[in-house]
Amino acid sequence: MTRYLVGRLSVFIIAVFLLTVFSFSLNYLFPGDPITNMTGVRTFQNNYSLVMELRAGDENIAAQYLHYLRHLFAGDWGLSLSNSTPVFADGLQHFMASMELIILALLVAVIFGLPLGVFAATRFRQRSDKAVISLAMMGYSIPVFWLAQLLILLFAIKLGWFPITGQINPLYGVEPQTGSILIDVFLSQSEYKAEALQDALNHIVLPVLILAIMPMMLLLRLMRNATQEMLQKPFVKAARARGLSEWRVLVKHAIPNAVQSVLQQTTLLFSLLLTNSIVVESIFNWPGMGNWLIRSIFERDYPIIQAAVLMFAFVILLFNLLVELYHGWRFPIVRHEQNATD
Amino acid sequence: MIKAYANVAVIAAALVSGCQSEEPEPAPLADGIIYCSEGNPDTFNPQLITSGTTVDATAAQLYDRLIDYDAKQQKFVPALAKRWETLDNGTRYRFYLREGVQFHKTDYFEPTRELTAEDVQFSFNRWLDETSLYHHVGGSYPFFSATGLDQLINKVVKIDEMTVDIVLNNADSSFLANLATDFAIVLSAEYAQKLLVAERPEQIDSLPIGTGPYRFESYRKDILIRYSRHPDYWREGPGIKHLVYSITPNANKRMLKLVTGECDIIPYPLVSELKALNREQLMVTNEVSPNVSFWAFNTQKEPFDDPLVRQALSHAINREAIIQTIYYGNAELAQSILPPTSWAYDDRGIQYQYDPEKARRLLQEADHSSLDITIWAMPVQRVYNPNARRMAELMQSDLAQIGVSARIVSYEWNTFRRRLSRGEHDTVLIGWYADNADPDNFFRPLLSCAAVATGGNRANWCHTGFDQLLYSAIATTNPEERKALYRSAQHLLNQQQPLLPIAHSKRFQAQQKSISGVELPPYGGINFRLATKKPVQEQSQ
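Chains as they are written, first to last, in the working numbering: chain Z, 1 to 342; chain U, 1001 to 1541.
Just so you know, these hints were derived from the structure itself, not from any lab.
Any given hint could turn out to be false.
Just the calculated beta-carbon pair ranges, DEER-fashion [as the list claims (entries may be wrong)]: (1) U/P1142 to Z/L159: 42 to 50 Å; (2) U/N1250 to Z/L154: 41 to 49 Å; (3) U/Q1193 to Z/V205: 49 to 57 Å; (4) U/L1196 to Z/Q189: 29 to 37 Å.
Below, in silico cross-link-like pairs of lysine-lysine (DSBU-like), each with a Cα-Cα straight-line distance of 35 Å or less [to be verified]: (5) U/K1105 to Z/K158; (6) U/K1075 to Z/K193; (7) U/K1513 to Z/K158; (8) Z/K130 to Z/K252; (9) Z/K193 to U/K1221; (10) U/K1513 to Z/K130; (11) Z/K193 to U/K1506; (12) U/K1358 to Z/K158; (13) U/K1105 to Z/K193; (14) Z/K193 to U/K1301; (15) Z/K158 to U/K1534; (16) U/K1506 to U/K1301; (17) Z/K158 to U/K1506.
From the three backbone atoms N, C-alpha and C, an ideal C-beta is built for every residue, glycine too.
Kindly produce the complete structure, drawing on both the sequences and the hints.
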């Protein structure tokens, strides 16, 4: 396990290193002054010379990179070019808002996707299986932006059940502290917490649902195929031969083994969620990372573009690492495979 | 006390929601209004900009002016100045300030005194006096340099604590109109002083302090601006406690948010689509705004130097059809360059009728049986003209009927204006949006000889008699005399026809029927001073 851990961690660290090199070089690739791109302080401002010194602007590129790293890890990511707010603090709020959506969507996808997949597998090639699987194909093929329009039209405009933009009705006066609206409502001093919470939940339903559908359908198909495969395996036949009920065979033998292979795919699922979150956030004006990135690109706000790219990539790398580590810890066979190829 | 009351309300709301399907709105929603604005404000000080979005977001909400303009009565009314008088043949205006006007008390500033002459002097000197400490904070003051107000005012003198004199270089009757605009606001000198000491002078424009009906709470770029009612406002204030600007640049989304009830009011609705939705809780209001779109002839070019040709071409255009096709009926046919809301408007004896026969006859009289011309059409959408290219196409076919063949020319907007200033065009479709209520704003910047030099005069039309009329009109303060002079000016324009006025378009807003008191004055930004929200229950019964 230690060897596996060290191996995975070193791959992660190298990837993060390359990522910072890339984001550092962005400062030079973007038009304009590299120090301005890094810090958001423009050349004509009074404190430019100070910032220049802090960032070692007149030394060689390696020294600049080291200073860049130091600031990066200290959480000093410069200021926004468009409104001079600190990028890191701002980014953290946007990050939390995105994570709120993504985690909830992931939960919804798992809670509905996995059982449906098992259900389809147990009725392999029967009519209900075909119905579920064609539904899954459809859900997976509809583009997110189109689905969003349809659901908005139905649930917001025709039925009037859900609002379509933002995290909460601004009149509740819930000020962002963490960025995640559900946490912020709990932290707020409002006398109308219950109503505010209900309003926030109302706001979150549509984006989470739309974000969840694609990974849910993907999970469903993966789980169906994996379970089906397991049900063909000799050990399942053996279990049946021992006279276990079909339910016990499924829960004790088929599903745990199926989940293992599905779990490997969750990293793919996570990147899918992250990419789709950009679209969903733009449609619902959700103040998350995706929205932040898109706007910063329109406004050529280089410190923010850089920060958002960095955050997106880092989150994906970190999630990959965690899944791999969990996998290695939980399923020894993975570790052995890894060692065998070494 | 308030807290206890609120708790009772929560319990009541919880009880009611349990057994009733139609829930009453929770208190924060019932006493607040959400305005879905079309963009971020550039700053919180309207002195620094001319952008409509920023004016809408700040001017009437955070600040007051010395005087206001009442568009209904068409006269100036007291605001921070309770009265004023003209001295020294119109070159000195004396303002007597109102007592007991409180500045906003916020978590970043606590005023220790009420409004005095010092505040007025500070606010004017900020844009007027280049030696003032704050003049270079924020940089430029486009409204004041465009109207020439910074050249007109000689100095601002404090007579005593509550009296201010403004001394002009020469008499100008459009002066008061400029003072009543959204830009001539009054800031707090005490706050400015405090910021100087703290070495954060630029904060005066980002964390604003004024005397207006709302005070600033918070601003999140791209998301919202939060205002709350100024509790010690000096005149009748709003009936709501909170005002939120929810920033929604997308026009479709704004409309959907109005339908779902997330917005109480939206500017620039897609009127035709909103009507198609036909929701009974919504209503659309409109206002003829002080703008005009026109077709200007380059009078320094052959054959447009001949008034007969200009008249002939004007008679060939079916403007009614343009109003229907380009504006979908959301505009008024222009009879004069002045909009009908102006006090100097006078359409007696002015007629631009559509008459192709007459046009052909006039053209023959001028010895032009056939003509080749260009129509320059703006590449961008403007309040006064939503689609200049399409308008040019309609005119093209009208002109073909009298034997004039027209070619449509268009460039990128900046290039377009640069080439216009050089006078490269034959004719151009363009327009004007007024900043203040004075009729002078429609004449001097557009048609005076001075405007030919600065490039504002798109017809390149310099008529000494006309100029004479304009200058006599601003040299006097007698409204009747001015009105007569402007009437002559309008008649002269009608004979000479350097341009053909086409339409005065309307400005729209759509809102929930529960909202009232929100004003969209013809000059200036939206005003929430008297905004109120009726409870929803009243409507359903």
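Now for the hints, and whether the structure bears them out:
Distance hint for U/P1142 and Z/L159: a CB-CB separation of about 47 Å, consistent with the stated range 42 to 50 Å. At about 20 Å, the beta-carbon gap between U/N1250 and Z/L154 misses the expected band of 41 to 49 Å. In this structure the hint that U/Q1193 and Z/V205 lie 49 to 57 Å apart at CB holds, the actual value being about 51 Å. At about 33 Å, the CB distance of U/L1196 to Z/Q189 agrees with the hint of 29 to 37 Å.
Distance check on the hinted pair: U/K1105 and Z/K158 sit about 44 Å apart at the alpha-carbon level, beyond 35 Å; violated. Of the pairs offered as hints, the one joining U/K1075 and Z/K193 is violated, with about 48 Å between alpha carbons and a cut-off of 35 Å exceeded. Between the alpha carbons of U/K1513 and Z/K158 the distance comes to roughly 20 Å, so the proposed pair stays at or under 35 Å and holds. Using a Cα cut-off of 35 Å, the hinted pair Z/K130 and Z/K252 holds, with the two alpha carbons roughly 26 Å apart.
Distance restraint check for Z/K193 and U/K1221: the Cα-Cα separation of roughly 25 Å lies within the 35 Å cut-off, and the hinted pair is therefore satisfied. For the hint linking U/K1513 to Z/K130, the alpha-carbon distance of about 50 Å lies beyond 35 Å, and the restraint is violated. In summary, the hint linking Z/K193 to U/K1506 is not supported, as the alpha carbons are separated by about 43 Å, beyond the 35 Å threshold. Under the criterion of a C-alpha separation no larger than 35 Å, the hint pairing U/K1358 with Z/K158 is inconsistent with the structure, at around 55 Å.
At roughly 27 Å between alpha-carbon atoms, U/K1105 and Z/K193 fall within 35 Å of each other, so this suggested pair holds. Using a Cα cut-off of 35 Å, the hinted pair Z/K193 and U/K1301 is violated, with the two alpha carbons roughly 71 Å apart. Distance check on the hinted pair: Z/K158 and U/K1534 sit about 25 Å apart at the alpha-carbon level, within 35 Å; holds. Taking the CA atoms of U/K1506 and U/K1301, the gap is near 33 Å; set against the 35 Å cutoff, the hint holds.
For the hint linking Z/K158 to U/K1506, the alpha-carbon distance of about 30 Å falls within 35 Å, and the restraint holds.
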